[in-house]
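Undergrad: Chain residues, written in single-letter form:
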Amino acid sequence: MYAEFDLETPKRFEEAVALLAGNRGAVLALAGGTNLVVDLRARRLVPDRLVSLSQIDTLRWICLADGRVGIGGRTTVTDLLRAPEIARHGASLVDAAGVFAGQMVRNTATVAGNIACGSPAADLVPPLLCLDADVVLTNVSGSRTVPIAEYFTSYKTDIRRPDELITEISWAVPTGLSVNRFYKLARRKGDAITVTGVAVNLTVAGGVCAKARIALGAVSPMVVRARRAEVLIEGQPLSPALISEASRVAAEECRPIDDIRASADYRRHAVYMLTRRLVSDAWARLS
Amino acid sequence: MSREKTISLNVNGRIHQQAFPAHRTLLEALRELGHFDVKSGCEKGDCGACAVLVDGEAVDSCLTLAWTVEGRTITTVAGLGNAQNPHPLQEAFAKLGAVQCGYCTPGLIMASESLLRRTSDPNDDDIRFALSGNLCRCTGYTKVFDAVKEAAARARISGERK
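Protein chains in written order, with this note's numbering: chain A, 1 to 287; chain B, 1 to 162.
It is worth saying that the hints were derived from the structure and are not from the lab.
By construction, the Cβ of each residue, glycine as well, lies at the ideal position given by its N, Cα and C atoms.
Warning: the hint list may mix true and false statements.
[What the hints assert, rightly or not] Calculated cross-link-like contacts (lysine to aspartate or glutamate; reagent style EDC-like; alpha-carbon spacing at most 16 Å): (1) Lys211/A to Glu234/A; (2) Lys143/B to Glu91/B; (3) Lys149/B to Glu91/B; (4) Lys149/B to Asp124/B; (5) Lys149/B to Asp126/B; (6) Lys11/A to Glu70/B; (7) Lys95/B to Asp46/B; (8) Lys5/B to Glu4/A; (9) Lys189/A to Asp126/B; (10) Lys5/B to Glu8/A; (11) Lys149/B to Asp121/B; (12) Lys44/B to Asp132/A; (13) Lys156/A to Asp39/A; (14) Lys95/B to Glu150/B; (15) Lys211/A to Asp132/A; (16) Lys189/A to Asp125/B; (17) Lys11/A to Asp57/A; (18) Lys5/B to Glu70/B; (19) Lys5/B to Asp6/A; (20) Lys189/A to Asp124/B; (21) Lys143/B to Asp124/B; (22) Lys149/B to Asp125/B; (23) Lys189/A to Asp46/B; (24) Lys44/B to Asp191/A.
[As the list claims (entries may be wrong)] Covered, in the sense of this in silico footprint (three residues per stretch, anywhere, with C-beta under 8 Å from a C-beta of chain B), are these stretches of chain A: (25) 6 to 20; (26) 35 to 44; (27) 104 to 110.
Given the sequences, and given the hints that come with them, work out the whole structure.
TA: What follows is the structure, given as structure tokens:
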């Protein structure tokens, strides 16, 4: 049934990165396994060897320090939902974690794994994009920090090298004058793949929208920001007409497809509706 | 080639030493060891029939490779209780008709147990969230919710007596 592979279960982080050194793609890191094991069974992936992070508990943490919220490379979706730091400083991430798959998957699936799989429907990615999160990639020779906005390059492709692990994800604590939220539209309320996901993060200053982030999931080859829509509302006091116009622009910016879950037209309409609703609600709460 | 390795699995308080290939899932390993109370359903993390507790947290054993849970504490539904000495959840599920065909029941009970270990008085939203990864096509879930609440109430009463 399965393609055969070898498996390493290192106890220390240094061993894990050493096992990945020199890797050109035949070795895969295994975290929660909720996507990877399914892909192995379907033979969509046929690695020679897996390096499991299951025994490396030092990668599982959440921390608030120096004005930033950070989470470790093996922090799970359930960990997010139990952390007061995330409840306070990552409302959109809580929204996404709360509608992520089902309970058993949330208990093992990691935030880093949701990023690494590169699915355009990855629910944690729109919130992280709207929070301007950074991703830390580590290999045997050191670490580099990449804004998540520059992480994905196209459908299921990213800038992570085969010998690198996602070891940390962090974002600046949002200011008191900002609101960030996420909404997932799917065929069911639970245990479903996203049809359209929208995350919004607005900051207000002096009666205008000082900063806007709008991130769209499952409507392009990768999760994307609606940058033209963001520019349209930044620096402006928001009116219903301007919000509608920005939402129309966001719907034009995405590149959805028809699939078994919804048509491209439906997805564009959902982007328009959800962007309008989330931006309106955020603005109402801030003014 | 998959390597084989003898690993030690702690299941329901008993240590099993057995050789498994690297690609063996915890679900397959448990059934090989005779734990047929763990059910195989979708084998892709949608249905929850294979749920077991690993260190007290409900996980899908079909998505877990056996080697990765060496040294952890694994609990299956038979580890909670048996016909002579049932766990409050097992008793409440049977009494209230939350079991029909029974195939999803072991997974539902393990997900419920994971909830009750953290939340002694769950409301409907807590139960809905905790059981969001368990599919049942018979009961419509209504009696399952009743059973989880009854088991929680019984556990609270017996907790007060202690």
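Undergrad: Are the hints correct? Go through all of them and say.
TA: Going through the hints against the structure:
1. Lys211/A to Glu234/A: holds (5 Å)
2. Lys143/B to Glu91/B: holds (13 Å)
3. Lys149/B to Glu91/B: Holds: Lys149/B and Glu91/B sit about 12 Å apart, inside 16 Å.
4. Lys149/B to Asp124/B: Cα-Cα ~9 Å, so holds.
5. Lys149/B to Asp126/B: Given pair Lys149/B, Asp126/B holds - Cα atoms ~11 Å apart, limit 16 Å.
6. Lys11/A to Glu70/B: holds (12 Å)
7. Lys95/B to Asp46/B: With Cα atoms ~27 Å apart, Lys95/B and Asp46/B exceed 16 Å; violated.
8. Lys5/B to Glu4/A: holds (14 Å)
9. Lys189/A to Asp126/B: Satisfied, since the Cα-Cα distance of roughly 15 Å is no more than 16 Å.
10. Lys5/B to Glu8/A: Judged against 16 Å, a Cα distance of about 11 Å means the pair holds.
11. Lys149/B to Asp121/B: holds (7 Å)
12. Lys44/B to Asp132/A: violated (32 Å)
13. Lys156/A to Asp39/A: At roughly 13 Å apart (the allowed maximum being 16 Å), Asp39/A and Lys156/A satisfy the hint.
14. Lys95/B to Glu150/B: holds (10 Å)
15. Lys211/A to Asp132/A: Within the cut-off at roughly 11 Å; holds.
16. Lys189/A to Asp125/B: At roughly 13 Å apart (the allowed maximum being 16 Å), Asp125/B and Lys189/A satisfy the hint.
17. Lys11/A to Asp57/A: Cα-Cα ~9 Å, so holds.
18. Lys5/B to Glu70/B: Distance ~11 Å between Lys5/B and Glu70/B Cα, so the pair holds.
19. Lys5/B to Asp6/A: Holds, because 10 Å separates the two Cα atoms, which is no more than 16 Å.
20. Lys189/A to Asp124/B: holds (15 Å)
21. Lys143/B to Asp124/B: At roughly 12 Å apart (the allowed maximum being 16 Å), Asp124/B and Lys143/B satisfy the hint.
22. Lys149/B to Asp125/B: holds (12 Å)
23. Lys189/A to Asp46/B: holds (14 Å)
24. Lys44/B to Asp191/A: holds (12 Å)
25. 6 to 20: holds (count 3)
26. 35 to 44: It holds, with 4 qualifying residues against the three required.
27. 104 to 110: Holds: 5 residues of the region 104 to 110 of chain A have a Cβ under 8 Å from chain B.
The structure is inconsistent with the numbered hints 7 and 12, although it conforms to all the rest.
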